[in-house]
Every structure is written in structure tokens, then in C-alpha cells.
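Since the structure of chain A is already known, use the hints to place chain B on it.
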Amino acid sequence: MQYLTKPGLTLCCRPRCTDQCSISIGCVSKNEDIVLISGFFKPGQNWLLCLPFVLLAALPARAQDLGTISPGDQLTLPLNVTQLDGEIAIEIDAIDVTELAAIVNGQIVLDLGGTLNSGSHEVTLYLFKGDSYRILETYSFELSGGSGGGLFSYGAQATHEVEGRRVNSENELEGSSSGQVSLQTRDESFSGYVGYIASSREEEQIDNKSLNVTEYALRFQHDLGESRVSATLGHQTLDFDPVLVDSLNRRGLGLTFTSRDEIFRADLFSLQTQSTLGVENFTGLQDRDDRMQGARLALRPFKRADLIFSAQVYEGAGALFGDSIVGEGSGYSFGFDGSLRDGRVRFGAHYGRVWWDDDGDGPVENVTGDAVNAFAEYDLLSGEETNRQLTVGLTYDVVDADFVSLTNPGLPVGHQTFAFSANYTANKLYLGFLARTQETNFGGPDELETDRITRLQFDGTYDFDPVLSFETTTLSFFAYSEWQRRLDTPPMALPNFDYLDTGFDVRLDLSTALTQVSVGYGLDSLNDQNQFNEDELRHRVNLSLDTQATEALYISLAAGSEWVDGAFDDFWVHDVTLRADYQTNFDWLFGLELSTTQTNSIFSEDGFFAHLEASRPIGKFGELVLYGTWADDFLAVESGNTHDAIIGFIFRANTNFGR
Amino acid sequence: MAVIRIILTTFVLLLSLQSAHAQAVVVSVSPAPATVRVNPGGSSAITVRWTIRLNFFGPAAETVSSASGVTSTGVTLGGSLSKRVPSPGAGQTETITLTERLFIDRNTAEAIGAAGPSTYTRSFGSTVATNGPIPGTISLQPSSGGSLSIRNLELIFDDDSRFAVVESGDALNARLEISSLGRGSFAGRWEVSGPTGSAAFRPIGRVSRRLSGAVRTVFESPNLRTDRPGLYQVRFVPEAVTLGLSPTPLEVISYSVVEPDAAEPAAKNVNLLSPPPGFGVKGATRFAWQPVPGAARYRVEFSRTDAVGLDRDFLAAIESRQTSALLRQFTLRRLNTETRLFWYVVAFDGAGTPIAVSSKRQLK
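Quick mapping for you: the protein sequence lines, in order, are chains A and B.
All residue numbers for the first sequence refer to my numbering, where the first residue is 29 and numbers rise by one.
All residue numbers for the second sequence refer to my numbering, where the first residue is 84 and numbers rise by one.
Wrong hints could be hidden among the right ones.
Claimed, not checked - Which stretches of chain A does chain B cover? Using the computed rule of at least three CB atoms under 8 Å from a CB of chain B, they are:
no. : region
1   : 341-354
2   : 418-429
3   : 518-532
4   : 583-590
5   : 674-684
As the list claims (entries may be wrong) - Here are some chain B residues pointing at chain A (derived, C-beta under 8 Å):
no. : residue
6   : G125
7   : N235
8   : E237
9   : S262
10  : L264
11  : T279
12  : P312
13  : G313
14  : L314
15  : L398
16  : A400
17  : S403
18  : R404
19  : Q405
20  : A408
Unchecked claim - Listing some non-contacts, in silico: residues in chain A with all C-beta distances to chain B over 10 Å:
no. : residue
21  : N133
22  : F180
23  : N199
24  : P494
25  : T543
26  : Q557
None of these hints come from the bench; they were simulated from the model.
Ideal Cβ positions, reconstructed from N, Cα and C, are used throughout, including at glycine.
Chain A with its partners taken away, still in its complex shape (with noise of 0.2 Å):
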């Protein structure tokens, strides 16, 4: 084991070990932090068997009390700033207040200004010397009152409807109720809602049941000195890091662990695998097959830095997309991102192993896989010298065809990409740009071909001044060209696909107070250059309007055409939708909608949809809504028949209080 005597990083692991490696990372800052976390791995498995554990962590000292504060009051932060050599900047809580500071005898003095709820607060103040800033001093105190007593504070909105209608031939009398009603508590230590959906109509239902619940989700909070526990029963996003656990939102239970000063970050958490609604498997935990848990600890060991090492573990069964069969999985992540330079430098990189059986004790073989993703981001302009900002950034991303996780369901499998992108903004303008190369089949089978596509975008947006009467009038593209060329071709696998497909959107937004009109067209042409000379050309022409064109009439038009010049089938389709609502001088209002939908496509069929309506408040929460509807072929849907003719009348009332 080996220690650092001064600010920096070592890692140290014996290299020859037998049964048995030990890993440590350890730094010591001049400041006050001391960090230490270590763990093992074993030989043939290649890298970390158990997560890295934290020994030692040497908090910082606690924040200075200011006391108690009423809404009205200046906050004077007790430190002479005269002698301090940089620029300072001040946060409350996660609130950036520099710009409401002023210096008053060589004290800083916030305006609170009536923006903060009741409760403790955290001053966190920064000293910015060049490119880079620490953290120079934190204060916390109590804001009083204000925003109400009482030790809950709670809220509903719903809307309830009764609705009597005949279609065609058939009267129905159908109601629903649906919403979500929210609690919490004025110390933040519990917080939650349930949404809810009541409904005779059972294309509204959930699992059938004419009552359900739809999201939920209750969180617990409870301080402990500098740290913090919090515990989420209910529907919850993970996104951990870009491997392993990403862009999951799923229902279960999760807890949180965080160091006040967010050094250190600890997070449990136990989940469905499957996106569900109702009161079926409730907490998520219920059903073994249908089930992942899994932990992250993160560490961010200098002070003064954003520089985050974090680690992740997941194990669980479940069904994958498309997939009936139950199989079972697990893995671990571990890597870090930061940055330098005042931000204006950004990077990160994490790798990933899992494992995946995808029957269980079936015949099928167990798969492994790895992925890697890295990238780095510079500003090579930065907006606050120069109003203009110019970002350059790199991302390289291989990720094996076995890399199954269902902690990251939605991750590209089977590739090795690079992609290089740069964005430069000034006052009006913004433009980007993507090119991006990608090894297709990458850990895949032997037998499959490999291709390369390559791929360069451009993008941006114009913001005119202002032209005729529209207050704001905005130009924007986007192109591309993209083409796929031949690597590699086994005995077995077809000749070439590569083809060339190039294409492009123009799209121009003009808006005026009471008027928005949007005019767009593209353009698509596939170019496929091997045996199957599958060639597309796409045209599309969108145009929408939304105005209000006097005080009582609102118009809404929006209209879209495609023409399809493709392998299988020549189409083209049109759709067409007016909305019109007038609101007379004696409560009634009046509602009018008209849809089409024409095509020649073999695939689909015309359609047309009308809907008039007239409505008017009963008292203060209720509606009273007279309708009748007529659709055809396409749009008629209610009876099962190529026409539906509908009339009837809704008693809709409306609850939302609180919040």
C-alpha cells in the first residue's frame, strides 16, 4: 500500500499476484481533503470483482452558522473580501446568487428578495483566480416563515368527466376521473404523489381495472450532520453513467447516500426491469423474474475540483425487448468525468463488463460483453469574453454485440464509433456540425460481415431581426450525408450493402405576439449501390399556423405531405388539420375541427374526422360540453365500422389546488 505526501493521485496494484490483486487509489490535498478507497480483483476475470470502498474520508469543517434570517433581510456574509486576489461568486443552495451580491464595508451582502422558501439554507462561497476556483468558505443558515405554516403542504389536480354520447346506432354513457394528488412536508423530510386514472371506457384502463394508479412515487429524507439519506419508493430515473445504468426509469426502490459537500455519493437501488403503470407488483420488488438491483458509489475527492470516480454494480432477471423468455444478468462500470479550466474543458471515460444468460438454466450460452465510452470537450471560445463560443468535442464509443443490460436497455450494441462535433454560437447564429465513423458487427459473430459507416451532419439556426410585423423570425437547416462501405466479407456472408444517403430540412419559424406560422421542407435520397438497389427519394412539405385572430376566434391549421419514390411501393399521403375556436360575448364557446387523411399508399387508406363542439363553465369548476362527431374509413375508429356518426354531451369539473 503505498500513500501520496502531496496534492495528486496514485494508483498502486501488485502486478504479480496469484490468487488474488489489491487495487488502491489514494490522494491527500493541501487543503483538507484525504481520501482513500481500495478493493481486489482476481486473476481470469480481469478487472474488479467488489466495488472500491472508502476507508478514510476526511470531511471538511461545518459551515459557519449565520443564524436565523426573516424573508425581508439582507444576508451579510462575515468575511473581508478587500484582500482577496481573484473574482468571488456565491451560491445558496444550488442557486448561483453573483449577480444579486453587492460589497458593503468590505463585506458581501446578499438581497434574498423574497425568492427563497422557509428553512436552512447553504452559502457556498467561490474565489475564482484565473481558470481555475476553489471553494473559500461555506455558511448556512435559517430562513423564518414566510411561505405559510403548517407542516404539510399539499396539492390535487384531476379533471372529472360524465359523458353521454350515441354512436351510430348504440347510446353509451361512459365517466372518468384522472390526476394526481401530491404531498410533502415543509422540512422537505418526505415529499410524494400518486396519479390515478378511473374509467369506464376500457381503451383508457389500465390492466382492465376501472381504478388504477397510475405514477408514483414517495421519497424520505433525513439529514445526518453533514450527509444525507434519502429513500424513493415508486417511479424513479437512474442515469448513473453512459454504460451500464442509463436513462432508466423504472418503478422500485432506491436509496441515496450524499456527503453534504457531495463528496461522496452512495446509491442502492432495487427495480422492475419492465415500464409498468397500476397497482399490479406495486413496489416493483414483488416478482423475482421481473426484478434488478443494483449500487453506485461515487467519490469526487478533491474539494476545489468536479473531478467524480464513480463505480457500478447490477445483478437481475427479466424479460428483454422482444423477448418472452425470462433471462438473467449482471455487471459492473466503473470510470470518471470532470472538468478543467473553468469548465470550459470537459471529459469523461467509463468501462463496462456484463453478463448475460439468456434462458436461465437453458441451453443457450451465456454471453459477456464490454463497452467503453469516452469523450472530452473543449470551448475553444468561451461567451463570456467574446459573446461568441466555438466548442470542439471528441467521443469514442465501442460497445460489444453481447453487451446485454437491462440497467441500459436502450444502449447501441455491436459497434466501435468516433465522433468528432463542434458547435459555434454568436448572438444570432448557432451552427454544428457531427462526423461520425462506424465499425459495424464489432464482438460480434465471425461469420457476419463488417462494414464502416460514415456519417458528416450539419446543422444550425438564424435569428432574423425583425421582418414585416413578426416580432421573431428564425431560419433553420440541417443536412447530412451518410454512406457505408465494405470492411470485411466471411465465406458466408452477402456481398456489399453499401449504399449513399444524402438528404436535408429547411425549416422557417415567424412568430408575431398572437401569430405563429411555420413553413418547413425536406428532402431523403437513399443511392443503393449494391445487388439490391433499393433506391428511396422522399419529399416532405410541412406548414402550420396557430393564430389568434381576433379576441374571440383562435385558429389553428397544420398541414403535411410526403411523396415516396421507394423500393416496394410509390406513394404519396396528405394530412390536413383546422381547429377553430370562437368565444361568444355569452360564455358559450365553440369549437370546430376538421382532419384528413388522403394517400395512395397500398399500406394504408384516406380518412376524414369532424368534430364541432360548444361549451360553457357551469359554476366555478364545472363544463358543460355539447359535441357531435363524424369520422370516415382511416380516422373512424369508435365503432369498428368505415363510419362513425357521434353526438353527445360531457359534464367535465375540474379540481387543482395546492401544489
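Relative to the frame of chain A, chain B by itself:
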């Protein structure tokens, strides 16, 4: 004897009736394309065009049909195909085309990948019993560059929920996230039904994009209608020509539009100026908006979602008395790890009461 006579007469009558209907025989079946690429990495759908030649020996129409097809790995695929063909005249030949959407689920695709080159055979016949169905066969070739295959698909709202509750006038969009392999056109339409009185699904926007290689693609719906209270439903329907999905509606998600709290005055709008949508999170970015009459200060708030759920609170914010604000490094640090971010501006009066709010604009 009389009984035997009746039976024979009936039999002859039945034969004559049969021959009256049997007007043509299938003489050849040829599929196009002859070879189809199957991506073993996920479910996929393939368009096959069957060209069938019939010899007519009578003046009446004939029906050509096929119950289903079968792969050489033993899996039955495809539904019933049939077409009634008018007779061009006795002794004449007629050629017809039947187009099939062949949906290959992930398990079948994997099995073909494991088995290597395979076949798919479908037999077509007419009502002529003496001439058996004629088979046509296409080759199924496992290929990494094969038909577009979908590995994962999620339909959700912008705030990651699958059931949203919004106030009338709020901005709301749905998002279709797909992870795909292989190559093909992805086309379809966004459809919305509601409010309750107008329950029919109507198209509100179309999508068509060619996808290649291993990519994760997000399709954002047009702005969803929130001007009238009630219950709405949103769905995405892939076009039948889309390679990769069966042409049936994907999952439906719902949202409920409620009237704003009557006790709260209607909020004014803050118009955002820059940066443009999708700009990303970068150091020293300046956020700008148009001034609001009566506003004493503004707050730029960053959130990972739109409106619903526990994560509705902002992740970080910047307060300013001006109509622009600069993103500093410590705020950037809070936002860097987020994969999806929105920003919006709240205007406060001198007492700290919110008086206007902007729509949410996506940063990344």
C-alpha cells in the same frame, strides 16, 4: 338401389359444382427479393412480394391463397394471404402480386443467426384440389447489416413519465426512443385522441428517417394539444413500409389536462432568446430572454424533466436582475452528469412572487 343412385347423383353434382368454381391452377410462385437479410440482433420485419402465375381454364374468378409460411428452423411465420383473381378467359394466363409483411421476432432472428443461412417457404394454391399448392422460397441470410431491427423501444413523455398531468396551456411532448441495429427506413405517424369528446385518433405529425448501424434515436412528437381540459391519449403508429416494426400501434400513453388553479392569476410568458434548443451544456454559456414588465429579478432554472413527479424541482439555477445570465463552473458541475436537461426562466416581482414563466427549452 335407389339409395345408391341418389348417392352417385349427389356425388356427380358435387363434382360438377366443384369444377364450376375451380377455374385456374397456380403454375409458379416467385418471391422478391430472393434473398432477405435478417439481423440476428433483434426483431425485424421484412417486405416480401410474391409473384404468382395462374393458368385459367374457365371464365369465372379464382381465389389464390396461402395460410402461412415456415422457416427452415421450423417456425411458422406470416398470416393468411389471399386474392380473388378475375379470369382473363379460358386458356389464358394471369400474373398477380401479393405483398407480405413478414415479422420476425427476436427469438426467431436469434435462431436464424445461430443456424446460419436459412429459408422461408410459403405455398400458394387455388381451389383446384387436384393441383397441390406451389411453394416459393426465399433465402434468409443472417447479416449485421440486415433489416432494421429494434432492440429496445420506449414511448414516454418529456418528463420521463408514462402518465402526465399538466395544466391547460402547458407545453407537453411525447418521446419515442428506439435503439436499433441494421439498416432501413423508420417511418410512422404521431396520433392523438381526445379530449374525451373527440376520442378518435388523428395524426398530428409524421416521421420518416433512415437508420443505419447501431444507434439510439429519439423522435420527439409535435406539441401535444393542452388547450382544452380532459383526458388524452398519444401513440406512435409505424408505417407499414417501415422495415423493423409491425404496422400496429405501439403502446398508448395518456395525459390529463386540468384547468389552472383558479386562485392563481394566469402567468405571463417569458420569451427565451438563446441558446437554441439542443445546444448542450457548456462552460460560460450566456442564457438570454426578453424582459417582462414588472419583473424585479429573474431565475434561470435547470431541470431534468418537464413538470411531473418528484424530480420536478430544479437541479441548479442562476438569479439575475438582468435579462441574461452566465453559466459558471460550479453550476456546470451540477449539470454535467445529466443526460437530459431543460432550462426555463421565472420572473419575480419585488416581493419575490413569480409573475411570469417561460416554456421549457431542451438543452440536451
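Cross-check of the supplied hints:
1. Remark: the region 341-354 of chain A is confirmed as covered by chain B, as 6 of its residues place a Cβ nearer than 8 Å to a Cβ of that chain, reaching the required three.
2. Coverage of the region 418-429 of chain A by chain B holds. Counting CB-CB distances below 8 Å, 3 residues qualify, and the rule asks for three or more.
3. Counting residues of the region 518-532 of chain A whose beta-carbon sits less than 8 Å from any beta-carbon of chain B gives 6, enough to reach three: the coverage restraint holds.
4. Counting residues of the region 583-590 of chain A whose beta carbon lies closer than 8 Å to any beta carbon of chain B gives 3, which reaches the threshold of three, so the coverage claim holds.
5. With 6 residues carrying a beta carbon less than 8 Å from a beta carbon of chain B, the region 674-684 of chain A meets the three-residue requirement, and the given coverage holds.
6. Interface restraint check for B:G125: the shortest CB-CB distance to chain A comes to about 6 Å, inside 8 Å, so the restraint holds.
7. Contact between B:N235 and chain A, as hinted, is supported at the beta carbon level, the nearest pair being about 4 Å apart and thus within 8 Å.
8. With its C-beta approaching chain A no nearer than about 7 Å, B:E237 sits inside the 8 Å limit, and its interface hint holds.
9. A least Cβ separation of about 4 Å between B:S262 and chain A falls short of the 8 Å threshold, and the interface hint therefore holds.
10. Interface restraint check for B:L264: the shortest CB-CB distance to chain A comes to about 6 Å, inside 8 Å, so the restraint holds.
11. Hint status for B:T279 relative to chain A: holds, with the closest Cβ pair at about 5 Å, below 8 Å.
12. At its closest, the beta carbon of B:P312 sits 5 Å from a beta carbon of chain A; the interface hint therefore holds under the 8 Å criterion.
13. Residue-level restraint check for B:G313 holds (minimum Cβ-Cβ distance to chain A is 6 Å; threshold 8 Å).
14. Taken as an interface hint, B:L314 checks out: its beta carbon lies about 5 Å from the nearest beta carbon of chain A, inside 8 Å.
15. At a threshold of 8 Å, the smallest CB-CB gap from B:L398 to chain A is about 7 Å, leaving the interface hint in force.
16. Contact between B:A400 and chain A, as hinted, is supported at the beta carbon level, the nearest pair being about 4 Å apart and thus within 8 Å.
17. At its closest, the beta carbon of B:S403 sits 5 Å from a beta carbon of chain A; the interface hint therefore holds under the 8 Å criterion.
18. Nearest Cβ of chain A to the Cβ of B:R404: about 7 Å, under the 8 Å cut. The hint holds.
19. Contact between B:Q405 and chain A, as hinted, is supported at the beta carbon level, the nearest pair being about 7 Å apart and thus within 8 Å.
20. A distance limit of 8 Å between C-beta atoms decides the matter here; for B:A408 the minimum to chain A is near 7 Å, and the interface restraint holds.
21. With a least beta-carbon separation of about 22 Å from chain B, A:N133 lies farther than 10 Å from that chain, consistent with its non-interface assignment.
22. Its beta-carbon lying about 16 Å from the closest one in chain B, A:F180 satisfies the requirement of being farther than 10 Å from that chain.
23. With a least CB separation of 15 Å from chain B, A:N199 remains clear of the 10 Å interface cut-off, as annotated.
24. The Cβ of A:P494 lies farther than 10 Å from every Cβ of chain B, with a closest approach of about 12 Å, so its non-interface assignment holds.
25. Its beta-carbon lying about 14 Å from the closest one in chain B, A:T543 satisfies the requirement of being farther than 10 Å from that chain.
26. At roughly 13 Å from the closest C-beta of chain B, the C-beta of A:Q557 stays outside 10 Å, upholding its exclusion from the interface.
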